[in-house]
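Per full-length UniProt numbering, the sequence shown starts with residue 1, numbered consecutively.
One should not assume that every hint holds.
Stated by the list, open to error - Derived lysine to aspartate or glutamate pairs resembling DMTMM-like cross-links, with alpha carbons at most 20 Å apart: (1) 2 / 42; (2) 145 / 173; (3) 147 / 173.
Said to hold, decoys possible - Cβ pair distances, simulated, as ranges: (4) 190 / 141: 36 to 44 Å; (5) 38 / 141: 34 to 42 Å; (6) 254 / 180: 24 to 32 Å; (7) 286 / 23: 57 to 65 Å.
Because the hints were derived from the structure by calculation, they are not lab data.
Think of the CB as a built atom: it goes at the ideal place given N, C-alpha and C, for glycine as much as any other residue.
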Amino acid sequence: MKQIYNVIKQSESNSELVKELQSWNMWYEDWMDGQLVKKGEEDMKNLAYRLASLFPSLFTADKLKKRKMSFTTSSKHRCVDSTKSFIKGLTHNYLQLPELPDAEQGETTCIEPTVNDTLMRFFDHCEKFIVQVEDNDTAMHEVDKFKIGPEMQKVIRKVATLLGVPEDQLNADLIQVAFFTCSFELAINNIISSPWCHLFDEEDAKVLEYLNDLKQYWKRGYGFDINSRSSCKLFQHIFQHLETAVFESKRSQQISSPVVMQFGHAETLLPLLALMGLFKDEKPLTADNFSSQSEQKFRSGRIVPYASNLVFVLYHCDLVESPKEEYQVQMLLNENLLPFPHSEESLRTHGKFFSPDNPYRPIIGRKSAVCTVGRRPSSDDRPGGSMDDGRRPILMKGKGRARSRVPLRRSPPPLSIEHERCCMYSIVHASCSLFSLERIVKDPFQREKLQVCTQLKPDAPWYNCK
């Protein structure tokens, strides 16, 4: 940010825009890097309140006191702070427990998150990813190619003209910093008319959005198979919780982990979503297909915005036609229903995840050797390669993200449940730079809990659980 700011300071242009940028208050300091801003704290508190309001019988003071809620975070400061802000939103804003000094909090409100980088920052623990992608100078070839391509060069020329500086003083990276500054001004400081935003029009924004999508696609998404495979352990962790809940429910036992919340990063969520086959385009994103950007599914800014989150909900349905339909799974991304890949179903029988024809089977049983550099290369190591190598399946899991800001959303849409007398179990993941909450519920889902949702979409199907 300081580099582009210094370029502007040296401009001799007398335009009003340049004068406004030159007198702009440089509020950014180096110590802010990686920190959670005040607005991010409020976003986490708001998210906690919304989720607890949707599932009030799950988020109770009793469950908190009995340690039925666990909170896991990565070691990054913003993640730890996001987790603590979420806990405050739950305990003080929603449960309205008193804010007492640490020494007086006692069992009920003194909740400390557990750091687990193996799950929340799995990419740091995958040697194959580090060697083949993170430390590989050629891995971002498509990104580098787009930076010097005609679309990006057009933006550079335009901004250079507006600033009154030579084109060779600017490059794609500096232009991207200016664009991010525009978005930060709006998201963090609520400045609607930032001078940084006046450097760009809608077409410029599309180009810069595509540049970021390219980077995320090749480094965290479908660009290389190891990107998504590195999240296998997290994926398995989710399904282990689902499977445990089903096991305990079938034996009429108390659910041992009714609330499990995990806080990670955008870099945690994107590989996981790719592992599940979500938001996958027919053709890989390259430097040459910007023209199809408006139709692409992989839009990282929409998939993992600030405070993004992924929710898994496990339902126990009493009145079903067959025992196979007794347990159903549903997903929500950023508090909106998310259809399962390979189908348009928003509700899927739990047993289907383990059926021979399920596309997740090849992933569900993978071992940690997937991340070992010395493993013999296979066809599925290439971009777009097959997931099926004949290994037995593992379990699945999800998560989310929360950075510095998220707008206060309305309540989530009503959950589309196909059976009466369903009780709900859920796993939610939210995270700090990616925010993740995991939970399992065993409780009647009564009408008043969905009143707000049915007001938003009165025609949406939903049923009571009694």
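Quiz prompt | Broken hints, by number | solution = Failing hints, ascending: 1, 6 and 7.
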